[in-house]
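Peer 1: So the sequence lines, in the order shown, correspond to chains A and B.
Residue numbering for the first sequence follows the numbering used here, starting at 1 and increasing by one per position.
Residue numbering for the second sequence follows the numbering used here, starting at 1001 and increasing by one per position.
Watch out, some of these pointers could steer you wrong.
As the list claims (entries may be wrong) - Within a straight-line C-alpha distance of at most 27 Å, the following computed DSSO-like cross-link-like pairs (lysine-lysine) qualify:
1) A:Lys238 x B:Lys1245
2) B:Lys1245 x A:Lys188
3) B:Lys1210 x A:Lys255
4) A:Lys283 x B:Lys1259
5) A:Lys238 x B:Lys1188
6) B:Lys1259 x A:Lys257
7) A:Lys255 x B:Lys1259
8) A:Lys143 x B:Lys1052
9) A:Lys283 x B:Lys1255
10) A:Lys257 x B:Lys1255
11) A:Lys226 x A:Lys33
12) B:Lys1052 x A:Lys232
13) B:Lys1210 x A:Lys238
14) B:Lys1222 x A:Lys143
15) A:Lys257 x B:Lys1257
16) A:Lys143 x B:Lys1245
17) B:Lys1210 x A:Lys257
18) A:Lys255 x B:Lys1255
19) A:Lys143 x B:Lys1021
20) A:Lys74 x A:Lys53
21) A:Lys22 x B:Lys1210
22) A:Lys14 x B:Lys1140
23) A:Lys239 x B:Lys1188
24) A:Lys33 x A:Lys53
25) B:Lys1210 x A:Lys239
26) B:Lys1122 x B:Lys1085
Unchecked claim - Covered stretches of chain A, going by a simulated chain B footprint (3 or more residues, C-beta under 8 Å):
27) 140-149
28) 199-205
29) 231-244
30) 248-254
31) 269-280
What the hints contain is simulated information worked out from the structure, not anything from laboratory work.
Backbone N, C-alpha and C fix where the C-beta goes; we use that ideal spot for every residue, glycine too.
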Amino acid sequence: MMTNFIETEDLKFKYSDDVNEKNVLDGISISIKKGEFLTVLGHNASGKSTLAKHFNVLLLPFGGKVFVNGIDTKNESELYEIRRMVGLVLQNPDNQIVASIVEEDVAFGPENLGVKPKEIRERVDEALKSVDMYEHRNSATYKLSGGQKQRLAIAGILAMKPECIVLDEPTAMLDPVGRREVLDTLIKLNHESGITVILITHYMDEAINSDRVIIMNEGSVLLSGKPREVFKEVELLKKYSLDVPQSTELIHRLKLKGCNLPEGILSTDECVQALEHLLEDNKCQY
Amino acid sequence: MPILEVKNLSFIYGVGTTFQKTAVDNINLSFEKGEFIGIIGHTGSGKSTFIKQLNGLLRPSSGEVLLNGENIWRNSKKIRDVRFKVGMVFQYPEYQLFADTVYKDIAFGPENMGLNSEEINKKVLAAVDFVGLSHEILEKSPFEISGGEKRRTAIAGVIAMDPEVLILDEPTAGLDPRGRELLLSQIKTYHSKRKNTVILVSHNMEDIAKTADKVVVLANGKAEMFDITREVFKNSESLERVGLKVPQITEIMEKLKNKGYDINPGILTVTEAENEILRILGEWGKC
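The shape of chain B in the complex, shown without the other chains (with noise of 0.2 Å):
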């Protein structure tokens, strides 16, 4: 059974007005547990409220969201403990700090899940552990600390909830190369030592095609593709029809590919690019 599934899922802004608009049309999608998945799409069609919908912060028009095989609408008065289990990271979230201490806004999550307070304890370090902070900042104010540290703080305060879904929009934007590197290996980590599934939506096609296992293509509000990375970013032509683009190493090799070069396709990381140059030569070699 998927953790997470989405039927027939549509959701109208404005109905009735003449804004009405319709931004996630009829999208059907299931992701089994423990998967890694990149959603990516052009500006407005239609992640940030696809997402929304999968932890109840927007009831969709019509359709429904599954969560381990229930929809999470069933019983509305529920919909608080589907927002524990899908913990959402938004975007730039350390301008959601609040607390007087990185301590005390990490454990807001896990306090009013009605956590005691060992528990909530246990949580909160595993969760700084996760991100990267050091101990040392957790009784400082969350406006002493650096940008970087404020952000994973507050990816911390959605991690220490223990959600079984992780749902992240943009969490490396603005970050430097090395910040971006060490935020997403750190996803990463925390991914496959807590098998749970994780969400990554990125205007990045590097972060994506470096960390996810499957790719979502939205367009225009629809699931334009959903396939394993390797095979979405084959598709360099109808990805730049919907806006977007492949990342520039996928590019390169597919350009020599089409030279007449035996390249695999769907090349993602510079690793893998260099590897298959090295082998190619390496085959040559031999003759």
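Here chain A stands alone, though its shape is the one from the complex (with noise of 0.2 Å):
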């Protein structure tokens, strides 16, 4: 039971009473270790968001059950405790942030969960430093990046000593170095921290650094597996309005035309070196 941080049993909701509205959630049975990486991938209105929310009690079921870490969420008096253990970073960076200096903005949090002025300090700190923007701690919050503004808001979770953190599309309005800001601190607090992680994304070249994907539709889960297992189903994901990386795309469609190319194919390093052996096999023998 405790190696599951987060389990949903049967979960089913929809966002009116109405006997004619088609659930959200459409049953989902799912548990998410301490400590796991998971990517949530799905077309738009499959349900990603609606589930994510249910990890930190902003929707309660409509039916079934959902526990972290044991409790389950539906107990008003752990509501709080819940909201401390997992923290949610949304879409826009503009919208999560209340102070106007960095430093400020990080100790929200735990101000208002009574902690002590001394710990406050040092929690901000370590937070800032862990996302590395220690030396931002006292620039104004309106000036930051995109990448940054994220990052701020991963450190105001962090000082809360958080077990786990959802993140809903964070990358989605960033440019490509603030994308890449996000997601390797997302993998340094999962490996060096051991923080659990789940990341909701479009873009599918996120997905590969993460321990298990699942892909929603229709708010059931549609496929689960290791990114390499899952996006080998290239025909499958298209039908349901996904994507495959640009690097396993290219090595699918040379298989398809009789190359002899493994399976699986996820990084750009992979792809290149599955290429070059590929010529290489096939280059002229003097």
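With the hints as a guide, dock the two chains, each given alone in a separate frame, to form the complex.
Peer 2: This is the structure:
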């Protein structure tokens, strides 16, 4: 039980009581392990964000149950403890900053938890260091780039000593460098501090570093597995409005043309290497 | 004569205050009629400040914007007309819908141009077809339709003014891959049918590589590069220096080329890459 940090049992949800209304979440049973890096993919309106909002009790199930660290999310007395354990980062960096100075923004969470001033100071410094924003601690928040703002949002959660961070399309509004910064920060937090990361994204290349990928469709889990296994299903993914990384797509197409290539290629370097092998194998022998 | 030209364009925020910041720094560019232009640049590079000057939402601190050869601020009372000719679709435009039906929302622009109801109707329906909305939703409230439909409605509202230049700021942000693909192909179709000028601002290099004829690279308020798309994406190092990247497929093919294979530089799409690999294998097969 304890190794599963989040569990849902036949989770059902819809936004209105109308019996004719379709379920947005239609019987989801998943378990997310402590320390897991999970990526959630799915087309618009597949239920990804609705699912995420159940993890820190912004929504309560219509049917079924959600457990966070063994606690039923319907248990009202544990509401704030669950929200401390599970932090949520949203898409638009400008919608989640509350203070005008970086370190004050990070201090907002622990202040509200009633942490002592000296400890707040320590937590703020530590959180800013772990997202590589310590040197900006006295900067005005409005002057930060998009990637920096998202890292600030993550620091604000870290200062509350969470077990898990849920991110709902955190990179949708960022430039390529900002996206990289945010992703590297998540990988580091997951590897070094063992924080459970649940990343919702439309960018397939962001999924390749995760332990597991789940694909949602019409409120259900369509596929679940290691990135390499899931991205093998190129045709299936396309059928459900999704995509595969360009590297995977190229290898897939060349295989269809009869080239001898391995399956499940994900990263740029893997792809280059596979193509190099292909070309070397077919080079003329003099 | 270029349709849109900027000369020595600069924009400074907060002049005389401690927050003074040059957001656009002496940019000179010209766009020809019918071109599909991509604009890329890191966050804070000046993209939004730049495009807001193209239709007179911001008045340049210095320099000028010429539309069909005429300075748009020559008669500042006429600046409203410029906004009909240079249409702007903002980021997340679905938050700007306001009318009680989809039809009325799209018709708002043409109504304000002073067209008669028959002309308005024609423009609305043409715009609706361009963005692929079904006619059945026209009488619905914008709040009853899906997120994707809302965004299409907002874009149709600008297209309905039939602008000579259409500017779109991150139109695909937050859409899933198929939604992105579909919207881009509709914009492409619109562009090729209307033969007007389209300016697409995006952080998504793959989208730019697939659509734009020419690309402007902005960095720290300056236009670092302006060239045809293939040429711009040949410079992966320069792009990385200014916080950008080439598409993954371009990077893969460049790395292969650097290993000594005879690959054409500046591959932009998966299809191009596929053909390139097959070409090399085919040539070798003959010996």
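Peer 1: Kindly indicate which numbered hints from before are broken by the structure, ordering the numbers from low to high.
Peer 2: 12 and 21
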